[in-house]
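> Below, each chain spelled out in residue letters.
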Amino acid sequence: MNSVFVYCEIEDSQVAEVSMELLTKGRALATELKCKLEAIAIGHQLDGIEKDIFPYGVDVLHIADDKRLAPYTTLPHTSIVVKLFQEEKPQIALMGASSVGRDLGPRVSSALHSGLTADCTSLVIGDHEDKKADKVYENLLYQIRPAFGGNIIATIINPDCRPQMATVREGVMKKEILDPKYKGTINKLDVSKYTTDLDFVVEMIERHIEKSKVNIKGAGIIVAGGYGVGSKENFNLLFELAEVLGGEVGASRAAVDSGYVEHGRQIGQTGTTVRPKLYIACGISGQIQHRAGMEESAQIIAINTDPEAPINSIADYVITGDVAEILPKMIKFYKANTK
Amino acid sequence: MKGYKIIVLAKQVPDTRNVGKDAMKADGTVNRAALPAIFNPEDLNALEQALRIKDKFPGTTITVLTMGPGRAAEIIREGMFRGADDGILLTDRAFAGSDTLATSYAIGQTLKKHGAFDIIIAGRQAIDGDTAQVGPQVAEKLGIPQITYAEEIQSIEKGKVTVKRRLERGVEVVRCPMPLVVTVNSSAPDCRARNAKLIMKYKHAKTISEMQDANEDYLHLYNDRPYLNIKEWTVQDIEVDMKELGLTGSPTKVKKVENVVLQSKGAKVITSSDEDMDQLMRELIENHTIG
Chain A
1 MNSVFVYCEI EDSQVAEVSM ELLTKGRALA TELKCKLEAI AIGHQLDGIE KDIFPYGVDV
61 LHIADDKRLA PYTTLPHTSI VVKLFQEEKP QIALMGASSV GRDLGPRVSS ALHSGLTADC
121 TSLVIGDHED KKADKVYENL LYQIRPAFGG NIIATIINPD CRPQMATVRE GVMKKEILDP
181 KYKGTINKLD VSKYTTDLDF VVEMIERHIE KSKVNIKGAG IIVAGGYGVG SKENFNLLFE
241 LAEVLGGEVG ASRAAVDSGY VEHGRQIGQT GTTVRPKLYI ACGISGQIQH RAGMEESAQI
301 IAINTDPEAP INSIADYVIT GDVAEILPKM IKFYKANTK
Chain B
1 MKGYKIIVLA KQVPDTRNVG KDAMKADGTV NRAALPAIFN PEDLNALEQA LRIKDKFPGT
61 TITVLTMGPG RAAEIIREGM FRGADDGILL TDRAFAGSDT LATSYAIGQT LKKHGAFDII
121 IAGRQAIDGD TAQVGPQVAE KLGIPQITYA EEIQSIEKGK VTVKRRLERG VEVVRCPMPL
181 VVTVNSSAPD CRARNAKLIM KYKHAKTISE MQDANEDYLH LYNDRPYLNI KEWTVQDIEV
241 DMKELGLTGS PTKVKKVENV VLQSKGAKVI TSSDEDMDQL MRELIENHTI G
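Keeping their order, the protein sequence lines are chains A and B.
The numbers in the first sequence follow my numbering, run straight up by one, and end at 339.
The numbers in the second sequence follow my numbering, run straight up by one, and end at 291.
Note that these hints are calculated values from the structure, not bench results.
For clarity, every value in this text was computed on a predicted model and none was experimentally measured.
Ideal Cβ positions, reconstructed from N, Cα and C, are used throughout, including at glycine.
A hint or two may mislead.
Okay, the calculated beta carbon distance ranges per label pair [unchecked claim]: (1) A:G246 with B:Y218: 49 to 55 Å; (2) A:G246 with B:H220: 53 to 59 Å; (3) B:H220 with A:F200: 52 to 58 Å; (4) A:Q289 with B:D190: 22 to 28 Å; (5) B:D241 with A:A292: 50 to 56 Å.
Extracted from the complex, chain B is given alone in its bound form (with noise of 0.2 Å):
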């Protein structure tokens, strides 16, 4: 049975769900440096809806795609771990300050100069931002079909995609011809675990920055196992027009950042009076813990 071309899109990404009490610094913003990074979930749901074409269509392959710093490329090796079989971190300091167009502009530029694909899979959004716009931007820019808040691919028949899709008040089912944009929600199944075979086969996967760093033993295994190689791209590896890059790239500019300060700690004891429910309220809604 003939095989697919799969790209999974995935970010690296700050744990802000797990803003605690302890992310926070005494002044009661959020202490960045002490969030964890990790594999955006929904984009989890994402590689778990490739690996489940590839069970289903042995000789698929999926390749992950991640623009970030260098330390995303352990993203890329999570998704090795999953069972991906490679992945390109596209890394440029021309990057850094891209707006979701920008970045879409980026990595549709990369999906061009990789060629062959058949279906390209993301999360529906990221929750460092939640914005949603990455996936179908990269759509539009390749010229293809998307099928946003996907939950299922339920079968790949005749060239073409049946994606069922969860919405707010029901679900919907659509056929859609390849190549397409597929982008997944968190009510999909859950991804799978690593693969202990998986693990011992790429956890000498590298970029070839961390080459530079990596332990001299090790050296050698990359020519004799290719698939250690990670794919490491700049602006020089894609063609890019430097002026849709980066800050200069994005339409959108960020005025003004305002921390949201928490609570500290110590409980306030209010009454059920009118009079202290709407200031219970009013302070949730100011400080934006609600509306």
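Next up, chain A with everything else stripped away, as it sits in the complex (with noise of 0.2 Å):
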């Protein structure tokens, strides 16, 4: 049986989050499919990330470790996850939704002719019965994600080509270790039999750590503040919700005038009009300055001690209590749901 295969992303000669996360999934699905597990790590100074990298259950480990594959770019990385799926034909490959994965995955995957889905929530073993075919394909990855803006949940599905390959956020999967004491082998790669000079022409000139600017208008999921989130301090509750939920955080033109945000995040109608899948108003009364830049969010969860803000004649959810109470239990059964 062909294996499952996890291309391990290689931050600092460290193995990404993400990876991790994608290992315990691959480790189930191969488990299920009673096949091996496989993985990669392309990096420089990789000696010992087996130590990292077996627990998960790995039965192979490819490395392929030199001076010139760190920082990732994508021709070598390419080149060589190209070859070596060549070589060992896996059935299902997994790779971080991250700016390597999404930049890597497309590009794999137009090489080896192979369909790829990006971003997936769920991965999951299944049938599929081609009807007009008259054909019916055993232990397929259902590959399933939200499209549309989020407005349809889409199961994908790839018949005929391999690898079936899919990228997955960070987060959206559990991490777990299989056993400390897992030993799988190692296959050292020899880079220059899957790579060519030609793969080194992109130069990388700078990297650095920089925080991003505030992009509320892009967010799906918004958690705004107002002036009755009370101080600067309570108002980490917010970014702490909205980090755990992959969002932004947004406020009133009251917090910003307190001073509990800068005026980047102002909503309504001297800030910016959004429009995310979901709002959440924290301690915001609702007046109609700031419903003008919010009230087309398609759902709105509005957090007050007031029973009878304004805000909540356009909430989808009315919560009456207090910020600093309910944010913790928000993300507390948040996390309990999702793992």
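These two chains come separately, so use the hints to put the complex back together.
Shown next, in the form of structure tokens:
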């Protein structure tokens, strides 16, 4: 049986969080399919990296170690993965839906003419009957993802092409060590056989950590705070919830004027107009100027101590209570229900 | 100064960001017909990067290439109103049902036919699918490098393009020889507004199909002013293997589609008790609002 393969993203000689989550999922899929789980690590100074990878239940780890392979650039990583997949012929290949996986995945799938599904939220094994061709496919990978701006959920399959490729965002799958003593075998790749000089035409000039500008307009989830949040410190709870949900923090004018957050986060007539999938209004009374900037949100949760707050009239859920008590509970029960 | 030949890949998409309560049918599913068709937002960021190169290097030409139904010519005109020089509409029933790979194949073959280009610029992803795959797949089909997640094309010197990339936790500046594909993030500058003179110049720009429906009084224009002709290409105009197109050329198949049913109007009032909060988060996860 052909294996399940995980591309391990390496940052500063460490395995990325999303890759460990995918190794866990990959192990479960491999066990269900009764096949091996293989992984590939491409980078530099990878000595000992297997100690971080085998415990997830990896049977074979392929390592490509070369100074020119770190930090990540598209072409050499593509060449290595494409050649290795041609040799190993995995049935499933998983990558993080990160800036690395979403750069590499499509390139690899194009070279191999295999199907790739981006940003899957769930991966399940199942059968498929093609009635027209009168053919039954067993044990396909159902790649389940939202599409159309999150308004539909699609189940995608690749009946004929291999590997069945999927990317998954960080935090979607659960990370779990299978066995700290799990032992697989290492296959060190001769990098010169997998790449050519032409793969190294892109030069890395500079690389540094830099915080993004606030982008509330593009956020699918917004946790917004008003004067009722009470203090700059309490706003940290909003940032925590936004981070956990993968959203951004917004604010009413009253909160910005009180100095709780910067002006770039202001929502409303004098700030930005937003239409996220979910708007969580915390301690916002909901004056008309604020509502004008957010009332087209697909869903609105209003958290307020005042049961008569105007925001409640446009909300889908109204929670009467204290923001400082409710937000930690939302974080807690979100985590409890997703993992 | 020498100019560059730039292709901007653009897509006309339904405005999924506008799926508010009014765009939902009574059963809670999306009323697609009610959604306006727009220029994919990140493709506009891409166009702006192309226009900035044209500002810096006079003689640069910008061609907008889009694949879609006949009405997608609208976004080519939209590009012309902002400074693009011409456009190609790739339209054919044979493309229907294409996944990203079949789409990239068609676009790649079109670019091979079109010939000379120095830089292909596209939005990182389209808002109807959010896959971010077509840019890199086109690059692979053409056998040229790609720079994804671009925020700014900083300079072009000695045949090499320097690009600032915006990643999850930081930025990268990379240098790459032409020709190449660049895909642009929404964190890049917004596209400039339409230019009144260009609107006057290009408002009658049309594809051949559109001309057949056009007011006869204007038809002489298309001979007098060749720039008003938007190229309309079908599979006949590019060299393709029909097996690689449409549904048959698509390795991925849609097995099932489930509409996300949004809550009907009327607020649910809940308390801050553990039970209620647990129930709330479960509901939001189940209806795919979060998670």
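> Against this structure, judge whether each hint is valid.
Against the structure, the hints:
1. Against the hinted window of 49 to 55 Å, the Cβ-Cβ separation of A:G246 and B:Y218 comes to about 50 Å, which satisfies the hint.
2. Our hint of 53 to 59 Å for A:G246 and B:H220 holds, since their Cβ atoms are close to 56 Å apart.
3. For the hinted restraint 52 to 58 Å between B:H220 and A:F200, the CB-CB distance of approximately 55 Å keeps it satisfied.
4. Separated by about 24 Å at the C-beta atoms, A:Q289 and B:D190 satisfy the suggested range of 22 to 28 Å.
5. Taking 50 to 56 Å as the suggested C-beta distance range, the pair B:D241 and A:A292 conforms, at roughly 53 Å.
Checked against the numbered hints above, the structure violates none of them.
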